[in-house]
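Top to bottom, those sequences are chains A and B. Numbering of the first sequence is given in the working numbering, commencing with residue 69 and proceeding in unit increments. Numbering of the second sequence is given in the working numbering, commencing with residue 36 and proceeding in unit increments.
Calculated from the structure, these hints are not laboratory results. In this text the structure is predicted, and so the values were computed from the model without any measurement. Incorrect hints may have been included.
To be verified - Using 30 Å as the maximum straight-line C-alpha spacing, the simulated DSSO-like pairs for lysine-lysine come out as follows:
# : chain 1 : residue 1 : chain 2 : residue 2
1 : A       : 205       : B       : 290
2 : B       : 57        : B       : 296
3 : B       : 123       : B       : 82
4 : A       : 205       : A       : 92
5 : B       : 290       : B       : 202
6 : B       : 41        : A       : 207
7 : A       : 207       : B       : 42
8 : A       : 207       : B       : 296
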Amino acid sequence: MEGKRKKIKITPIEHGTVIDHIKKGQAMKVLRILDLIDREIDSIVSMAMNVNSSKGKKDIVKVEGKELRNEEFDKISLISPNATVNIIRDYDVIKKHRVELPERAKGIVRCKNNNCITNQREPVETEFEVIDEDPVKLKCIYCEREMVGEEISENVI
Amino acid sequence: MSSEFKKDHVVAIDDFTVDEIKTILDLAKKMVPIAEGKEINTDFQGKILATLFFEPSTRTRLSFEAAMKRMGGRCIGFARPGTSSAKKGETLADTIRVAAGYADMIVLRHPQEGAAQLASNFSNVPVINAGDGAGHHPTQTLLDLFTIREEKGGISKNHIGIAGDLKYGRTVHSLTKALSMFGAEMTFISPPSLKMPEEITDMLRREGIEFHEAEQLDGTLDDLDLLYMTRIQRERFPSDEDYQEVAKSYHLERKMLENSKDDLKVMHPLPRVDEIKPDVDETPKAKYFQQAANGVPTRMALLKLLEGV
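Okay, chain A solo, but in the shape it has when bound (with noise of 0.2 Å):
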């Protein structure tokens, strides 16, 4: 009866990803990092946030038809540093990818000091050293200001 429940809660898909294990609160996030709210694309994206799971309350992302490559889904690292992806395909997942966190995060989050060269109209992209994994701490490698939690997933871009 429990399994049955589930499954009307969060539907299989077909074809395409599934992101899981969201830190709660974060679906939006990983929708923004990944470029679905915005961009022109033909799949079908649903989420679904404070769902109940062993470890707490999580949220989840499906993209259907679509498989994100790894440079995608690292990103999301960033601000769910436990998040999983499983690429599907006939209803069966092919692969289970927990997100790694890259050395250096471009162009994803902007600098949280106003005062940062990467603030003004210059063409480059923001960039950022992973200085620490849990919490995940930023340190801008223009201005040299760190930011962690909270001040990370309000500047992604």
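Starting from the known structure of chain A, arrange chain B on it as the hints suggest.
Below, chain B alone, put in the same frame as chain A:
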């Protein structure tokens, strides 16, 4: 001459190793007679230095220009952004690319943090950071270290007091990092609201550097080999009274030095306002004007090493 000195640009003092800093200071020492006009030097004949100052700075700009000219080179540039195309909306990246086409080296002072790092990405000639907002000012630190070495015969075996605004002062942060590389003992003297940031004191603890913290100049001076004074700015305090109340305990006057060590030296990056009374100037302990003059040989050495001449 500088095959071991491999730097394309100078952005921050922590880009250097202790050995590289020593190389710069050794060469600076040799440049002193040229900086003082006692020897003629033409190493930079036919070379051009661009000094791009998007923010005014008298000492830094003049000492770079003096350094270049004493070595036979020439300078182009601007001292205020109003006279540059930045005012017309040009990006810093474009200004740098253009200047790199005119000059052999670029000195940049800019109000935004990270400006020098960005400039180095767009320049095929060396960029030297002459201050980027609240960020770095590595040549100030180099001339501070040069002064300490000249006045004290070395850097590491000193007890150095650093007083004033230790929270916001970029000069003191860079200096503290550099002194820690050399292993000097430090005492930080500041009002509680302007204490040295924790990320720096944590770094000192990790490195095993001996340091102390105090809230008054009085009572801390007698053990010091060197006192580095900085200005406390009015805008860091909610009211004029608050500022006056705090600032007066960081004003150094001659009588406070009565029990200090005979060879104590007093430094200050200048400009000073009230924090060192003029009666200190006449004592042999006052070294801040010499410190400013040391900017010329130090910057000469850096220019030479970067350009490889």
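message = Run through the hints listed earlier and report the numbers of any the structure violates, in increasing order.
response = 1 and 8
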